[in-house]
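The primary structure of each chain is shown beneath.
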Amino acid sequence: MAEYKGVMVFCEATEGKLASTSTELLGGGRKLADDLGQELSAVLVGSGISSLAQETIFFGADKAYVVDDPLLQDYQTDSYVLVMEKVVNQVTPQILIMGQTSIGRDLAPRLAFRLNTAASLGCLELAIDPASKLLLQTKPVYGGNAQAAFVCQTYPQIATVRAKAMMPLERDKSRQGEVITIKAGLDPSAIRTKVVEKVVEKVEGIRLQDAQVIVGGGRGIGSAEGFKQLEELARMLKGAVGATRPPCDNGWAPGGAQIGLTGKIVTPELYIAVALSGSSQHMSGCSGSKTIVAINKDPEANIFREARFGVVGDWKKVLPAFTNKLKELLTG
Amino acid sequence: MNMIVCVKQVIDPEAPPASFKIDPATNKVVPPPGVSPVIDPYAEYAVEAALRIKDAKGGKVTAISLGTKQLRDIVKKPLAMGADELILLEDEAFDGGDSWSIAYALAMSIKKIGEYDIIFCGREASDWNAGQVGSGVAEILGLPSITLAKKIDITNGKARVERKTDEGYDVVEVSLPALITVSNEIGEPRYPTIKGIMAAKKKEPIIWKPANIGVEVSQIGAAGRRTKLLKLFQPVREGKCEVMEGENPEEAAVNLALKLREAKIL
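Just so you know, the protein sequences line up as chains A and C, in that order. Taken in order, the first sequence gives residues 23 to 354; the numbers are from this note's numbering. Taken in order, the second sequence gives residues 16 to 281; the numbers are from this note's numbering.
Wrong hints could be hidden among the right ones.
[Said to hold, decoys possible] No farther apart than 30 Å at their CA atoms in a straight line, the calculated lysine-lysine pairs in the DSSO-like style are these:
no.	chain 1	residue 1	chain 2	residue 2
1	C	Lys-72	A	Lys-312
2	C	Lys-72	A	Lys-224
3	A	Lys-220	C	Lys-274
[Said to hold, decoys possible] Some but not every residue of chain A turned toward chain C, in silico, with C-beta under 8 Å:
no.	residue
4	Leu-58
5	Gln-60
6	Glu-61
7	Ala-140
8	Leu-143
9	Ala-170
10	Gln-198
11	Ile-202
12	Val-221
13	Glu-254
14	Arg-257
15	Met-258
16	Lys-260
17	Phe-344
[Said to hold, decoys possible] Quick look at which bits of chain A chain C covers, simulated, 3 or more residues with Cβ under 8 Å:
no.	segment
18	66–76
19	109–119
Derived from the structure by calculation, the hints contain no laboratory data. C-beta: ideal position from N, C-alpha, C; glycine also.
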């Protein structure tokens, strides 16, 4: 039996750059590796991604493993699981962390089952248990109503981490590390799926994840027309519009606007929650906002337990008056 | 087209957050009094996905649900929606499992069913939000899997799946048999019709015990876990909201704008 040692971060690229979620994981992974007194490695899987290896070192990795192969151009479960199985068996890390991205949430569980170990998905916090030296994996469960801390006694311990749960290190160009190439060695017939098209859904204006101000609407908005009013306020504040699940399922807001456990995670300076009750499922996507403001007709709504300021009243009356007064204050 | 859908009974995730309680002694959730359990909403999307294919191409839909204390009126919902068979994996030995033990039991029962073209699961379940059982079942059965499906079309023995990504979606093709996990973007699950409810009432579920699917009790439920739950807890909320005063909602709104300005938030 090989000895399992070290922390490995599965890194992803977006538009030719190291993804922000990956720099966060390298920051968090660095801390875990230091707590264990072990090495931090990064692994990059894809096609034409070799140039990013050095970046992972600047962001904290001691070693960067690169698997660069044209067959890895698109993410596919079969090819990525095979490659990661090979990497893990060669490097034998004690801990493997990935982002809770559309890739990580597909790859982590299938790889864990392949390797006869277990994974936790969507963790908020990872730490080393001082006594057992095992990875403590804390994640939201029951739609965010509760959190659970898990450990797994088989190696590698695999976890995916939610966006913005960890802090990246400052990029340091003086950091030194080793880059190691691993051959994919894939048999094309082992890839049982085929990606025929990749569709990027364009977002108008500011991306939710980058917005400093977000106006979020819930079931109480009642229509696509209603969401136009939220857009007006968002535009004035140079922010973006978000939504809970029901408006997205009903087509009042685009699917990409969904914030929550099954949607995006946002951390704006100001979150204006309009006609949304503040379900745990939604709050787990926006509870990192610096200030939450609530407008809701139900004084008992959960959102008033989360908000710093609030107005109890029908949003149809509150929002126009609020928007007009702000317009006056901001232009005056 | 033979389709299998994995479902489960859960505590209603739409119950008010204030009714959510944990028993710290057992690390378990106390079911809220007076709130009926439901079929996991994510699994309902999976049932809907299967039924849409049945509507278009014909075929048979079998639902499997694993658990203890499964209320017949609740777990029969897939039948009422239009599924043809319901198999309940029902035994105390199935209780307290994690993704490993649940995926193992489901995979072994699917093996026993034998004939299938597509296996559907929800993208995750609303209780533990683990999001792993679908991938696990596929791995144990050696099948290709596509997760986070938002649209599924079947042509020439292949599934063409729109898989949700962080930027949009990928269109992925796979030969059958395959496993697909379904996301809520697939669209609202249908309501059971009166006819469907009546038919479901008459239909008796098939009950399988561990021995029926050829598994050892040590491999399933709490005994088959690979992860250990150390602690289940509710995060503490501060709850210091300053509610704006006003003669009417409009005046309170104006005060809110002034307040945000004064606090230099805007």
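Checklist entry - What hints, given by number in increasing order, does this structure fail? => result Failing hints, ascending: 1, 2, 3, 4, 5, 6, 10, 11, 13, 14, 15, 16, 18 and 19.
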